[in-house]
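J.: One-letter residues, chain by chain:
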Amino acid sequence: MALKIPGSLYDQLRQHGEATYPHECCGVLVGEFDEAGEKAVKNVVVCGNTRTDSPANRYHISPSELVRIQREAMLASHDIVGFYHSHPDHPARWSPTDLAEAHWTGCSYVITSVEKARAVLTNSFLLLGQEEVKRFEDEELKVIE
Amino acid sequence: MAIKVLIPTPLRPYAGKQSVIEVTAQTVGEALSDLVGKHPDLRKHLFSDDGKLRSFVNVYLNDEDIRYLSKEATPAKETDTITIVPSVAGGR
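First to last, the sequence lines map onto chains A and B. Using the working numbering, the letters of the first sequence map in sequence onto residues 1 to 145. Using the working numbering, the letters of the second sequence map in sequence onto residues 1 to 92.
If you're looking for bench data, these hints aren't it; they were derived computationally from the structure. Be aware that one or more of the hints could be misleading.
Said to hold, decoys possible - No farther apart than 30 Å at their CA atoms in a straight line, the calculated lysine-lysine pairs in the BS3-like style are these: (1) B:77 with B:38; (2) A:142 with B:17; (3) B:4 with A:142; (4) B:52 with A:42; (5) A:134 with B:77; (6) B:71 with A:42; (7) A:134 with B:44; (8) A:4 with A:142; (9) B:38 with B:4.
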């Protein structure tokens, strides 16, 4: 299973991390699930990080934003397929906090490492399992034209 | 016309793969009860063992978080939409 994303949207989410450096950025990936379990991103929705108390190492998307994004996605016959955030001066891998705070099983969590305001690596992780035994698995990120 | 409940992606496997489920209720609590009555597998994903909504489950009546209304006692009418959204957070 993979997450497919157009190059322009891939660049957009990486650039968001550069723009918010040294703070974490965050946003929502809207698109489609196909029968094979692959996800195709059609839109990147930039969100605010409500963790103004600790934005350098924490992010949180307002539920009211999620509600609005969910409804708009459904009107466009799309769906929330995942989320993205950045790790300033930190690897593009999920942390224990990322896992503890992840609840959208079946969705992708995309993380970009941003070093000295430059996006370096972007990885995608698929959240699997139920809340008590959830886990992240590495997921192929296909950047398409 | 019934109250629409929007089901987020992670909960659809327990709701017959549906993204929208219609329920009949006078309050948000009754709507959620009707929902889990129709789809019992949803219960443990929405509620903890003490019967309370799990802390990371956000429930909105139209555009308002029920925590800031009357919680499950919040009145609901047929033209309302209830949206369930699990929290999204994390960090390095």
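J.: Enumerate the violated hints, using their earlier numbering and listing them in ascending order.
T.: 3, 4, 5, 6
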